[in-house]
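Asker: For the protein sequence lines, the chains are A and B, in the order given. In terms of the working numbering, the first sequence has 157 at position 169, counting the first letter as 1, and numbering is strictly consecutive. In terms of the working numbering, the second sequence has 205 at position 217, counting the first letter as 1, and numbering is strictly consecutive.
There could be a bad hint or two in this list.
All copies of an identical chain are treated as equivalent in the list; a pair is satisfied when it fits inside any one copy or across any two copies.
Stated by the list, open to error - Listed below are the simulated EDC-like cross-link pairs for lysine to aspartate or glutamate, each with C-alpha atoms no more than 16 Å apart in a straight line:
| hint | residue 1 | residue 2 |
| --- | --- | --- |
| 1 | LYS(-2) | GLU165 |
| 2 | LYS(-9) | GLU60 |
| 3 | LYS308 | GLU130 |
| 4 | LYS20 | GLU33 |
| 5 | LYS285 | GLU138 |
| 6 | LYS53 | ASP180 |
| 7 | LYS(-2) | GLU111 |
| 8 | LYS214 | ASP241 |
| 9 | LYS225 | ASP255 |
| 10 | LYS(-9) | ASP61 |
Hint data in this document are derived by calculation from the structure and do not stem from the laboratory.
Protein chains: 2
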Amino acid sequence: MRKRIRTLSKPVKFLSAAAVGGGEEGRGNFGKSFDFLCPDDRFGEKTFERAEGEMARLSLGFALKKGKIPPEDVGCLFTGDLQNQCAATSLGLLSFGIPTVGLYGACSTCTEALICASLWLCESPENSVAAAVTCSHNSAAERQFRTPLEYGAQRAPTAQWTATAAGAFLLGSDGGEGMPEIREIMIGKVVDGCSPDASNMGAAMAPAAADSIVTYLRESGFEPSKFDAIVTGDLGKVGSALAEELCFNEGYDISGNHFDCGCMLYDFSKQDVHAGASGCGCSASVLACHFLPELQKGKYREILFLSTGALMSPTSVMQKQNIAGIAPVIRICGGEK
Amino acid sequence: MRKRIRTLSKPVKFLSAAAVGGGEEGRGNFGKSFDFLCPDDRFGEKTFERAEGEMARLSLGFALKKGKIPPEDVGCLFTGDLQNQCAATSLGLLSFGIPTVGLYGACSTCTEALICASLWLCESPENSVAAAVTCSHNSAAERQFRTPLEYGAQRAPTAQWTATAAGAFLLGSDGGEGMPEIREIMIGKVVDGCSPDASNMGAAMAPAAADSIVTYLRESGFEPSKFDAIVTGDLGKVGSALAEELCFNEGYDISGNHFDCGCMLYDFSKQDVHAGASGCGCSASVLACHFLPELQKGKYREILFLSTGALMSPTSVMQKQNIAGIAPVIRICGGEK
């Protein structure tokens, strides 16, 4: 049997983190924790696509400032977005001049980037720094994957709201006293979501999320209660219920400590986001705004963090291909006391 | 100064390699070296997009067979394609059930995948195996990035012909007696190509290729003649001439041993491919069909291999954004005698 979990040869520390968001994100549950909010979602740019790149740039800028790290000290950048072909992050982050690895794991790209950055750091000399940046923009994603907002298409109740948000993380295998750290990684498996419905990505991603959670728990021998939180990226209400059921069927009851960033980012009582949040920026910003600070404060001791991605393209959806899901996993532990 | 070149803690061996191609590729210079050719470019599928996924599946299947490695022994798959959002490889390779990292570096994805697979192997136990698979399909790429073939749009003289090809590589840090190995990696930097012209990607990628070559040579202290070949991915005729000139201006004359896969895949005397080949499958198939066998035979002792990518999306092109380039580098040495 293939061993899936890798314990890193050196734990990788979060040196700093930052998040930026749009208007809807400002009105959500973590409005006060974002480093920057732009109420009109345009970030001073002429197009939504450029705005997405600008969000990436701003978030990395804030992370560098908070970590007191100059861009030239960052050895490598792992990044991706929701625009087809990483156009936002390629152009948005160009000015930093940091060597770059472009990633695509749909909404799972945040964890994918943290995993790849960790692998790179373990092969790097002491005091190396890596960056992981992911972003998504509601208006850019809607017109790419579904219909332009101007068409006014009615959204299905199972649809999720792509977050206009970016999260940036600086990681190092040294330093970062008292900061949370990544100790284990598990690369995700592509799992057929058995559905071609681009308006129900929660359902398409739930099998992949459950596969990753069950595989991790089975291989590690841990019970779900080992973790203060088992955090999924953006299953939303529909996908979360399905993933919990799938895990339960495999003998793991995660309902007591399962959190989903897609169910946390917005305030359901005030915001009409249907099944919840999604997008590369969703899990990234909730990690930066909520989970990392809570781990740092000691409220959480350790969490299992898995962003979830729905792998599709506008063409594959039109061709009625099933949407596959993927859910890479990292185990994050609180800083040593 | 940021050190760019990483010497791997354990050299990574090519355990096997395979390539599949379409009709045009069969008529090209390496027609006899492909593991499988499909003259009608459809690979038994109803759509070109599905055909691209099927090519990925076939190429990995051949690599596994040639390496006598069952899919369940492959710990991780690093993969990407030219369809927006990795739709081809996500769906095409799903049946193998191998944990997957989706990458996007446009036509540079082959080297990007080999780099990430090398990093993963260095953090993996003995006898681990990783796979790197990349593919592109002319008809799928044309209708995504430019216009559907049915429109019959006239192509510019600077335009390149996206290869209908896939390449798969199995890598391991152990075994592979006498096989070529990756000793060093250098992650690429995103460089503004200063041109928004999607019909001249060679020009858009040349600055990135030159940046990577000059940076590598300067940091390593090597002269270009150190290598039997400095291989770029798919600059084509236009980009190759520009990259050589840019390197020359920085004090490095690479014209004596520079090879470009985009200028090698097709036979210019018989095939009207304008400036040459391009696509994720171009450098992957030329590496699998030509350079690895030549390294194995001892014809080449060591090569510097850098696939080149043009980072753009259909939307960014319509919005007249400049196309950025990227060129990650690996140093491949022949097997020990």
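Asker: So which of those numbered hints doesn't the model satisfy?
Answerer: Numbers 3, 4, 5, 6 - these are the hints that the structure violates, sorted from lowest upward.
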